[in-house]
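Participant: Residues per chain, in single letters:
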Amino acid sequence: MSVADQGRAPARMRVVTPGFGGRLAHAGLGLAGLALLLALWWAATDLLAAEGSFARRFSPGDALPALAALVTGPDLWTHVAVSLKRVLVGLGLALLAGVPLGLLIGASRLAEAAATPAFQFLRMISPLSWMPIAVLVFGVGDAPIYFLLAFAAVWPIVLNTAAGVRQLNPHWLLLSKSLAATGWETLTRVILPGILGHVLTGLRLAIGISWIVLVPCEMLGVQAGLGYFILDTRDRLAYEQLMAVILVIGVIGYLLDTGARAVIHRFAPGS
Amino acid sequence: MSAGSTLQASRVALRYPGAAQPVLADFDLDLAPGEIVSVLGPSGVGKSSLLRVLSGLQAPDAGTIAVDGAALDGVHPRLAIAFQNPALLPWLDLEGNVAFGLDFKRQPQLSRAERQARVDRAIAEVGLTHARHLRPAALSGGMAQRAALARCLARQPQVLLLDEPFGALDEVTRADMQALLVQIVADYRSAAVLVTHDIDEALLVSDRILLLGGAPARTIGEWRIDLPRPREDFVAELGRIRIEIVGTLRRATRPH
Ligand SMILES: Nc1ncnc2c1ncn2[C@@H]1O[C@H](COP(=O)(O)OP(=O)(O)O)[C@@H](O)[C@H]1O
Ligand SMILES: [Mg+2]
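Chain order of the listed sequences is A and B.
With the first sequence counted from 1, adding 54 to any position gets you my numbering.
With the second sequence counted from 1, adding 25 to any position gets you my numbering.
For the record, the hints were derived by calculation from the structure and aren't laboratory data.
It is possible that part of the hints are untrue.
[Claimed, not checked] Pairwise CB distance ranges, derived in the manner of DEER restraints:
(1) GLU262/B x PRO323/A: 50 to 58 Å
(2) ARG103/B x GLN174/A: 15 to 23 Å
(3) SER68/B x LEU176/A: 45 to 53 Å
(4) PRO323/A x ALA149/B: 27 to 35 Å
(5) ALA204/B x ALA168/A: 47 to 55 Å
(6) LEU117/B x LEU92/A: 42 to 50 Å
(7) ARG140/B x LEU176/A: 45 to 53 Å
(8) ALA161/A x PRO58/B: 37 to 45 Å
(9) GLU257/B x LEU227/A: 33 to 41 Å
(10) GLY76/A x SER165/B: 29 to 37 Å
(11) SER183/A x LEU82/B: 46 to 54 Å
[Stated by the list, open to error] Only part of the chain A face toward chain B is listed, based on derived beta-carbon distances under 10 Å:
(12) SER232
(13) ALA234
(14) ARG243
Note that beta-carbon positions come from the ideal geometry of N, C-alpha and C, so glycine has one too.
One chain only, chain A, in its complex shape (with noise of 0.2 Å):
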């Protein structure tokens, strides 16, 4: 099949073309891939660091079985609760932000002229700098916290909704002015209906960017959640217990990107 046909080809073609087995063969090279990360760390801990070394007690030998305790114990779940309630609080209000924000921008060339390097500027600036500052006007607790993760999350969200809007099929817009839509039915009639998987796409970026910067705003005046966890492994010197936590928060970084996929998937297939 050449280049030139599979531009061509009706969404369906495309999950038809790897097939059962090119599937199966994808999936399987993936787990070699984590397979050969286990084992380099095994080989880190175990086989390059001396005998009795501080390493060892990164082992995953050891780090597994605590995991398992872990996982069937309730400590872990109220943290993991604790976390994914501030990330989605986070993204609720980098998503009611952000999609006016972007929809203006997109919609206007005056308000983009005037916010690009304005929020090149912001994005550039990791969130946690404004640590202390969130701290001072939000007190200490969950307020900054949201803060922080809103902050970071807001900018693919603004960047995504505002080349939705530009790309919004000028068609659609007359049609609408044909009939006589209000600026509200525009809005939530073509408007938000046709920039959404751009959208879900800025938010997909922008869950995976919370879930990195969730965990360092948790290590500063909490009490709970994944990043206080961390630290708290490591003041009871429970070695093999902080690396179970960093598994706990890769996989659920993982899966929150996958759901994030199915979710663009289906509601807005090929975007």
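Knowing the structure of chain A, use the given hints to seat chain B with the ligands on it.
Facilitator: Structure of chain B with the ligands alone, referenced to chain A:
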């Protein structure tokens, strides 16, 4: 102002901001109920601009448009416009696309049952009942254009304004669509202004042909075609009009 006209334009002029001269000047039209008028002209002459003015999407710089004798001010619920691009919304199925806009605040208020009845009738009229739950991506070009026509019909338009609606279709599909247009206008007791650059399309479909030419564009020729349809049996008569049209076009574009 003639009493019988459903859509009337008198001395309409349009000039785009910054353009050296107007695109349209002194354009007149009297569209009778049930009538199909083709506006024929080379590309770039101003046909699309004219249709946008007639539809109320674009305000003219001079002159007036009237629907049933009432001056047009912005888009009108009983004027339906369709373009070469069917502009179907990909997130709605065919039925959703045909129903699109019927429930808008500034459209005539209809009960849910009335809306559904109109949608059903419009989809049946264009022969797409079997495809009513398909998404636009699954429709062929001809089916998509039928769906766009059905979306116009669901509004029970007094006048259909069509801007080269069949321009992107293959010849066989286009012939089907031309026949469908004639049937639709009769069934819905509507009238139509069909913009086209295809002389044969104009000859096969119209009761009247207006030839647009010059810059600014004005009507440089007008032909009434009182032949029954389908017109394929009247090749000789149509051929004579065709020659007149081509001749008028050639005289208009000949350098002075
Ligand atoms: N929105 C617009 N703004 C400025 N000029 C326009 C616009 N639309 C069309 N024109 C100009 O008006 C002329 C007629 O265009 P158009 O009405 O699209 O012609 P046609 O449909 O006959 O091909 C062209 O010269 C075109 O460049
Ligand atoms: Mg045109």
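Participant: Now look at each hint and say whether the structure bears it out.
Facilitator: Here is what the structure says about each hint:
At about 52 Å, the beta-carbon gap between GLU262/B and PRO323/A stays in the expected band of 50 to 58 Å. Between ARG103/B and GLN174/A the CB atoms are about 50 Å apart, so this pair departs from the stated range of 15 to 23 Å. Between SER68/B and LEU176/A the C-beta distance comes to about 48 Å, which sits within the given range of 45 to 53 Å. Look at PRO323/A against ALA149/B: about 30 Å separates their beta carbons, and that is inside 27 to 35 Å.
At roughly 54 Å, the beta-carbon separation of ALA204/B and ALA168/A lies within the given 47 to 55 Å, and the hint holds. In this structure the supplied range 42 to 50 Å holds for LEU117/B paired with LEU92/A, their Cβ-Cβ distance being about 48 Å. Range check, ARG140/B to LEU176/A: Cβ separation about 47 Å, and the 45 to 53 Å hint holds. Separated by about 41 Å at the C-beta atoms, ALA161/A and PRO58/B satisfy the suggested range of 37 to 45 Å.
Between GLU257/B and LEU227/A the beta carbon distance is about 39 Å. The supplied range of 33 to 41 Å therefore holds. At about 30 Å, the beta-carbon gap between GLY76/A and SER165/B stays in the expected band of 29 to 37 Å. Between SER183/A and LEU82/B the beta carbon distance is about 50 Å. The supplied range of 46 to 54 Å therefore holds. For SER232/A, the shortest C-beta to C-beta distance to chain B is roughly 5 Å, which falls under 10 Å, so the interface hint holds.
With a cut of 10 Å, the hint placing ALA234/A at the interface with chain B holds, because the nearest CB-to-CB distance is about 4 Å. At its closest, the beta carbon of ARG243/A sits 7 Å from a beta carbon of chain B; the interface hint therefore holds under the 10 Å criterion.
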